[in-house]
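There are 2 protein chains.
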Amino acid sequence: MQQQPPPPPPSMMSNSSNEQPFFPDEPARPIVRTAIPGPEAKKTIAHLDRVFDTRSLNMMANYQNSYGNYIADVDGNVLLDVYAQIASIPVGYSNPSLMLAATSQDMVSALINRPALGNFPQHDWAEILETGILRVAPKGLNQVFTAQAGSDANELAYKAAFMWKRRMERGGADAPFTQQEMDSAMNNQAPGAPDLSIMSFRTGFHGRLFGSLSTTRSKPIHKLDIPAFDWPQAAFPQLKYPLEAHAEENAREEQRCLDEAEKLMTTYHNPVAAIIVEPIQSEGGDNHASPAFFKGLRALTRKHNILMIVDEVQTGVGATGKFWAHEHWNMEDPPDMVTFSKKAQTAGYYFGNPDLRPNKPYRQFNTWMGDPARALLFRAIIQEIERLDLVKNTAVTGDYLYAGLENLASKYPGEVENLRGKGQGTFIAFDSPRRDEVLAKAKGVGINIGGSGAQAVRLRPMLIFQKKHADIFLEGMEKVFAS
Amino acid sequence: MQQQPPPPPPSMMSNSSNEQPFFPDEPARPIVRTAIPGPEAKKTIAHLDRVFDTRSLNMMANYQNSYGNYIADVDGNVLLDVYAQIASIPVGYSNPSLMLAATSQDMVSALINRPALGNFPQHDWAEILETGILRVAPKGLNQVFTAQAGSDANELAYKAAFMWKRRMERGGADAPFTQQEMDSAMNNQAPGAPDLSIMSFRTGFHGRLFGSLSTTRSKPIHKLDIPAFDWPQAAFPQLKYPLEAHAEENAREEQRCLDEAEKLMTTYHNPVAAIIVEPIQSEGGDNHASPAFFKGLRALTRKHNILMIVDEVQTGVGATGKFWAHEHWNMEDPPDMVTFSKKAQTAGYYFGNPDLRPNKPYRQFNTWMGDPARALLFRAIIQEIERLDLVKNTAVTGDYLYAGLENLASKYPGEVENLRGKGQGTFIAFDSPRRDEVLAKAKGVGINIGGSGAQAVRLRPMLIFQKKHADIFLEGMEKVFAS
Chain A
1 MQQQPPPPPP SMMSNSSNEQ PFFPDEPARP IVRTAIPGPE AKKTIAHLDR
51 VFDTRSLNMM ANYQNSYGNY IADVDGNVLL DVYAQIASIP VGYSNPSLML
101 AATSQDMVSA LINRPALGNF PQHDWAEILE TGILRVAPKG LNQVFTAQAG
151 SDANELAYKA AFMWKRRMER GGADAPFTQQ EMDSAMNNQA PGAPDLSIMS
201 FRTGFHGRLF GSLSTTRSKP IHKLDIPAFD WPQAAFPQLK YPLEAHAEEN
251 AREEQRCLDE AEKLMTTYHN PVAAIIVEPI QSEGGDNHAS PAFFKGLRAL
301 TRKHNILMIV DEVQTGVGAT GKFWAHEHWN MEDPPDMVTF SKKAQTAGYY
351 FGNPDLRPNK PYRQFNTWMG DPARALLFRA IIQEIERLDL VKNTAVTGDY
401 LYAGLENLAS KYPGEVENLR GKGQGTFIAF DSPRRDEVLA KAKGVGINIG
451 GSGAQAVRLR PMLIFQKKHA DIFLEGMEKV FAS
Chain V
1 MQQQPPPPPP SMMSNSSNEQ PFFPDEPARP IVRTAIPGPE AKKTIAHLDR
51 VFDTRSLNMM ANYQNSYGNY IADVDGNVLL DVYAQIASIP VGYSNPSLML
101 AATSQDMVSA LINRPALGNF PQHDWAEILE TGILRVAPKG LNQVFTAQAG
151 SDANELAYKA AFMWKRRMER GGADAPFTQQ EMDSAMNNQA PGAPDLSIMS
201 FRTGFHGRLF GSLSTTRSKP IHKLDIPAFD WPQAAFPQLK YPLEAHAEEN
251 AREEQRCLDE AEKLMTTYHN PVAAIIVEPI QSEGGDNHAS PAFFKGLRAL
301 TRKHNILMIV DEVQTGVGAT GKFWAHEHWN MEDPPDMVTF SKKAQTAGYY
351 FGNPDLRPNK PYRQFNTWMG DPARALLFRA IIQEIERLDL VKNTAVTGDY
401 LYAGLENLAS KYPGEVENLR GKGQGTFIAF DSPRRDEVLA KAKGVGINIG
451 GSGAQAVRLR PMLIFQKKHA DIFLEGMEKV FAS
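Read top to bottom, the protein sequences are chains A and V.
Heads up: the first sequence runs through residues 1 to 483, numbered per UniProt numbering.
Heads up: the second sequence runs through residues 1 to 483, numbered per UniProt numbering.
Calculated from the structure, these hints are not laboratory results.
A couple of the hints might just be wrong.
It does not matter which identical chain is used: a pair holds within one copy or between any two.
Said to hold, decoys possible - Straight-line distance between alpha carbons at most 25 Å, and here's what the computed SDA-like set of lysine to any residue pairs gives: (1) Lys219 with Gly172; (2) Lys468 with Arg167; (3) Lys165 with Asp230; (4) Lys43 with Gly352; (5) Lys42 with Asn359; (6) Lys468 with Val445; (7) Lys392 with Pro433; (8) Lys303 with Ala235; (9) Lys165 with Pro176; (10) Lys165 with Asn187; (11) Lys295 with Pro334; (12) Lys322 with Phe294; (13) Lys441 with Glu40; (14) Lys295 with Asp25; (15) Lys360 with Pro37; (16) Lys468 with Pro271.
Chain A extracted, bound-state conformation (with noise of 0.2 Å):
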């Protein structure tokens, strides 16, 4: 791992030759030594395989020799890396400034007496939040509960959409738990264990747990054989490309969509207490939508007093070339709920209504309640992406890496079909009709990338990906594509 003072923030300038890079000691170029797994690998696959499962493993990694946007294997292999383990890693590898936080005294205490933070909050705990997680908190949204990864945030926000509904059914915070509320609820039966439900939409992916699963509709193998709760999901718009050649028809899908969400909003028999939504479809194939349409949703929310709950596990914290995907609708009125992970590198959701407090305590609740040592990792993400202007350089990295891709689809028309993401920074996928195999191949050229739903190739690099990288991404898929 190199230790280093953080390089000053490069200017952005109109091409890659010239701009100043946020790691200047990077790799020039991906390095491939062996074929991937190499003979390391391979014996450290075995070893792992004894006592972990590694049938989903895609690289055997060496992280201490990981830096910036290039991954390291255990042959020596450097690949630059467009996948960021999930779109998880923000400011990349062995970022220097990340390292000075993470040996702060504050962080190691944090690390090793970890609170009980509903009882037990450390005295700096608001300016944790306010400093932080906070200061990043989408427009109306003031308040955040912690969470450990995406799934339990979308939980958790859930349990919140419920208590909410339930306390208006009820009639207000005051209104008391009936003795059969009480009881029933111990049997696991209504109305104490309420027979309310989340709307969300097909092929949308929301986490892995018994009720973010129930709201996830990816694949039948993330679902087969685990119960689940009888909730609705609506038809998400499947838009046509490029969209400036659909406008008519898109609009129309997406106004039939609405139209069935509606349908499904007041006649579903379990009752929508709230819908959830992502931003960007991003495990179910990069499946977008137009603002429209999420505004139609938020009007659909408010008519029919349903709360509506944003997806941003996988899209926020700045790849889409703004902090928070959802920022792109304009909307008005604010969604109730934004859920948040990954790149943040800790979770929750952010909600801004005082009502989405529980009216008694110990309902929203449980002993860890986040991590306030990835809250200080997720501060110093936060001052790494406003010193190096990051989301800046999504917007403008994703505008040159889009005209690159555009470039390469009307050269290569069979190999990347239906574009999208454009304007949405480096978010980016395509269509592959061969895309398993061009995933494979493009190891071989030294890239590190990941698919989403059946035939995408979805593109996720860290923040601090640059024209240079998109350059060497853009040549190397050119190597696959003619291949």
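Dock chain V against the given chain A, drawing on the hints supplied.
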């Protein structure tokens, strides 16, 4: 925070006056300067309440000033802590050995380069598991699936159980999923999302996410307004104390509960895939049962082809005088899965049967799948437990503490009822008719202690709690009882 070389392991002495302290420079006694909360705490709490729900707040702590068995607040009060962040601090606040681990190069890299472990594990992940988490694996269980907290550890174990059950029903690992299963799973309907269940026990606690909460049966306030699965609960034995005086009656009560459990296993309309049970019901009021009861459950689960999950989230990692509380059962046939969290400072479940690895990859999967930073910390905790022989310490100190409480019980029979946890290390509890008043008054004599269930006072000191601490605790409680 005081940093210094770790002390040598003390030998176990027979009384407190000549025992060697684990933390020689710990405060000699609690320091009580103000009412709790004091003036500084009140200000800090008011500040925090603007962004974070403080209604469950117990103390506003300063962890940099907390050391060994003592928790400091922001007004200069320093309390002997026998609650330990709801049983989750293992080897003392600001433990010097953990501080060394927390500042290691490996830890820094783990913190700032958090991998998606299922796809891109780090090169030394097998070694971290084998020299840490797996080194203390319960007998018969040689594999681990890592998670974030107790709730999701349990839910992942439930998922493993459901996949296993359907695999058996389907006729083995190679039996393919049908189209009907795949289609119905996407709609949250059987057979793809099967109507199977997890059986739990009355007054048990297994977490607060949707699946785990469906098995939690502690208090209405934990469950009200949250949709739940239609899963069965069996009676948990309600033993009479002292155990010696009610042997026959208690044996009958346990048999009654076993009979009820078997009836549910064979007749519940949503067939039972697994049962989950705590060795000591820890949130539900410190309810114990005999080894015979748990062996009886194991026999019933074998008989009816149901898995047995033992929830050691609160009981695990040394506090009961064994590393795992279920070792007290001396069971020939180990449980199928054992879950852990809290004192491990990480979470997950152990298993041994290879059939509990799902038949295909990506079925038991999520982005982070645990946290190598926390796994490194658990390894350091294990090393500290071994270095200081702390499991033996909890056994020895526990017996000493229990004898002292017996003495108090005979002196103040109206204050200490149903004393329990004999031979279970420091995992001791008693019922207190004026429980909440006792807990509040304990702060005034310098002791931080918690409750469980409706009227239990639960002791959850750290593993470094010694006889001298027991003396301070017993003196303090006597003052409270005499008041």
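Under a CA distance limit of 25 Å, which applies to lysine 165 and asparagine 187: within one copy, between copies, both, or neither? Intra 20 Å, inter 24 Å, cutoff 25 Å: intra and inter.
Pop the pair lysine 468 and valine 445 into one bin, within, between, both or neither, using alpha-carbon distances up to 25 Å. within (16 Å within a copy, 65 Å between copies)
Within a copy, between copies, both or neither: which one fits lysine 322 and phenylalanine 294 at a CA-CA cutoff of 25 Å? within (16 Å within a copy, 55 Å between copies)
Intra- versus inter-copy proximity for proline 271 and lysine 468 (alpha-carbon distance at most 25 Å): The answer is neither: 51 Å in one copy and 58 Å across copies each exceed 25 Å.
Is it within a copy, between copies, both, or neither that the alpha carbon of lysine 165 lies no farther than 25 Å from that of proline 176? This pair counts as within: shortest intra-copy Cα distance 15 Å, inter-copy 41 Å.
Under a CA distance limit of 25 Å, which applies to lysine 165 and aspartate 230: within one copy, between copies, both, or neither? both (18 Å within a copy, 21 Å between copies)
How do lysine 219 and glycine 172 come out at 25 Å by Cα distance, when the copy is not named: within, between, both, or neither? The answer is between: 22 Å across copies meets 25 Å, while 39 Å in one copy does not.
Within, between, both or neither: how does the pair lysine 360, proline 37 come out at a Cα-Cα threshold of 25 Å? For lysine 360 and proline 37, the Cα distance is within 25 Å only across copies (20 Å; inside one copy 54 Å).
Between copies, within a copy, both or neither: which fits lysine 42 and asparagine 359 at Cα up to 25 Å? Between. Shortest inter-copy distance 22 Å satisfies the 25 Å Cα cut-off; intra-copy 55 Å does not.
Is it within, between, both, or neither for lysine 295 and aspartate 25, if the alpha carbons may be no more than 25 Å apart? neither (44 Å within a copy, 61 Å between copies)
Up to 25 Å CA-CA - glutamate 40 versus lysine 441, copy category: within (20 Å within a copy, 61 Å between copies)
Within, between, both or neither, where lysine 295 and proline 334 count as close if Cα-Cα is 25 Å or less: Classified as within: same-chain Cα gap 10 Å, cross-chain 55 Å, threshold 25 Å.
Hints 2, 7, 14 and 16 from the list above are not met by this structure, while the remaining hints are.
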